[in-house]
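Undergrad: Top to bottom, those sequences are chains A and B. Numbered per the numbering used here, the first sequence spans residues 1 to 317. Numbered per the numbering used here, the second sequence spans residues 1001 to 1169.
Be aware that a few hints might be false.
[To be verified] Which chain A residues face chain B? A few, computed with CB under 8 Å, are given here: (1) Asp-71; (2) Phe-73; (3) Ile-106; (4) Val-146; (5) Phe-166; (6) Phe-185; (7) Leu-300.
[As the list claims (entries may be wrong)] Negatives, chain A to chain B, calculated, CB over 10 Å: (8) Gly-10; (9) Gly-33; (10) Gly-45; (11) Leu-99; (12) Phe-110; (13) Ala-128; (14) Gly-153; (15) Thr-192; (16) Leu-257; (17) Ala-279.
Simulated from the structure, these hints should not be mistaken for lab results. Glycine included, every Cβ here is placed at the ideal spot set by N, Cα and C.
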Amino acid sequence: MTELSTTLFGLLIIGAAVGGAAVLTWFERRLLGIWQDRYGPNRLGPFGIFQVLADMLKLLTKDDWVPPFADRFVFILAPTVIVIVMMLGFAVIPFGPELQVIDLNIGLLFFLGMSSLAVYSVLLGGLASNNKYALLGGLRSAAQMVSYEVFMGLSLMGVVMLAGSFSLRDIVLAQEGLWYCIPQFLGLVTFTIAGIAESHRLPFDLPEAEHELTAGFHTEYGGMKFAMFMLGEYVGLILICCMMTVLFFGGWMGPLLPPIVWFCIKVFVLICFFVLLRAAIPRPRYDQLMGLGWKYMLPLTLINLLFTGAFLLVMES
Amino acid sequence: MTVLLFYLTAALAVFATVVALTRANAAHALIYLILSLLAVAVMFFMLGAPFAAALEVLIYAGAIMVLFVFVIMMLNLGDAGEEQERGWLDARLWIVPGLLTTVLLVEMLLVFGESGVTTSGHSVSPKEVGISLYGPYVLAVELASMLLMAALVGAYHVARRFIDRPGDI
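Using the sequences and the hints given, assemble the complete structure.
TA: Take a look at the structure:
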């Protein structure tokens, strides 16, 4: 692609991610409603789709308030960090054979780096609020995200070993015959769980657990700054689903339909799966969450790596 | 163009580091330090070492600095800590370290002036890094892994003592 078209494509992706995240807020509530045998927001417009606009209007017109006791500089910085890094993560995703902003030979590491920088948003938000609930939420999220990052990276190394590259394009091309969700099933399971923990969505939303921490790290946030946190969370969810599609479900590959359509279908199904998880699984206790990470998930990824390595060695000899 | 961008990033890294050193507020200082590390990562990328750049972001900016922020949150120093820090940041303290660093800077400029700063223009792929790590540098990798293992066992031991004596907590 030429430089201009790459820039335009990048802007298009950013627009699509923001729009997708906005629609997702409504879609998730409707879907949760169906699974929990109730309606969800269904009043405004057909199927309640204009609820998105109503929510946006509400958030935009709210007073953009910074508490006097907060650390102003960090307080404003925190919500921007998560949105920026999550958007940057999309740069390396191959949406089709030619549709990619940049094909880095460290593409996978770039994604991991961006998702590890996202921790700062929650951490600094909690720190700058100068509020006990926010501080506790920030502390929890730091411990949670650092622990889950460890095996998030390790769970993907099996894929890298099979494909022999960190480039996401090469990884998709290597799945021509067989999607990696079959040989790397353990990797898929651990990556999914780590992905939920990284985007701190419902089963693992301990940093903002409302039953004990009011709203956790964003207790003091309101208006547009709160919306930025939410935007970051939903864009992060879309990003994780895109990564799962690329790494385990053959990316853009599929019969008949054009590549980009296949990509979108796969991402959509994965997003529905994540919403189902939210509807179906109760929130664990904090010590259970950390125990799960270190005692079960980490050994599982190591076993996966061991077997993948042994398999590759046997195949070579 | 790349040269210009490189020097811009380098200047950013130096500036961020200086600001990080002189902040009284620990949280602000850490944010500037993170910025400096990210700038260094961009420099690595421009010099043709994308793998090192990715690791810089992943390990330094994404993990080690998170733990720093974590500690600051645990201590929750607040305004009292800031006051104390301000008392420590005396201008006279900077004289000797400043002189020593100037000597280093002059040395560095002399060395660079002789040999000329060049990048080979060759980008080192992750595969090449892996091959050299587990080829000629395997001893260093093994030593580092032993050190990490020792640290892990040590941390486990320190935490375990509390569990064995329930009255302690």
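Undergrad: Hint by hint, say whether it matches the structure.
TA: Hint check:
Look at Asp-71/A: its Cβ gets to within about 7 Å of chain B, closer than 8 Å, so that hint holds up. Taken as an interface hint, Phe-73/A checks out: its beta carbon lies about 7 Å from the nearest beta carbon of chain B, inside 8 Å. Residue-level restraint check for Ile-106/A holds (minimum Cβ-Cβ distance to chain B is 5 Å; threshold 8 Å). Given the 8 Å rule on beta carbons, the hint for Val-146/A holds: about 6 Å separates it from the nearest Cβ of chain B.
Interface hint at Phe-166/A: satisfied, since its Cβ lies 5 Å from the closest Cβ of chain B, which is below the 8 Å cut-off. Taking 8 Å as the C-beta contact cut-off toward chain B, the hint placing Phe-185/A at the interface is violated, the least distance being around 25 Å. For Leu-300/A, the interface hint is violated, since its Cβ never comes within 8 Å of a Cβ in chain B; the closest pair sits about 19 Å apart. For Gly-10/A, the non-interface assignment is confirmed: its Cβ lies about 18 Å from the closest Cβ of chain B, beyond the 10 Å cut-off.
Its beta-carbon lying about 37 Å from the closest one in chain B, Gly-33/A satisfies the requirement of being farther than 10 Å from that chain. Remark: the non-interface label on Gly-45/A is consistent with the geometry, its nearest Cβ contact in chain B lying 42 Å away (cut-off 10 Å). At the 10 Å boundary, the C-beta of Leu-99/A stays outside the reach of chain B, the nearest C-beta of that chain being 22 Å off. The Cβ of Phe-110/A does not lie farther than 10 Å from every Cβ of chain B; its closest approach is about 6 Å, which violates its non-interface assignment.
With a cut of 10 Å on Cβ distances, Ala-128/A falls inside the contact zone with chain B, its closest approach being about 7 Å. A beta-carbon of chain B is positioned within 10 Å of the beta-carbon of Gly-153/A; the least distance is around 8 Å. Interface exclusion of Thr-192/A from chain B stands, the closest Cβ pair being 21 Å apart, more than 10 Å. Remark: the non-interface label on Leu-257/A is consistent with the geometry, its nearest Cβ contact in chain B lying 33 Å away (cut-off 10 Å).
The claim that Ala-279/A is not at the interface with chain B holds, since no C-beta of that chain comes within 10 Å of its own (minimum 31 Å).
Of the numbered hints stated above, those contradicted by the structure are hints 6, 7, 12, 13, 14, listed in ascending order.
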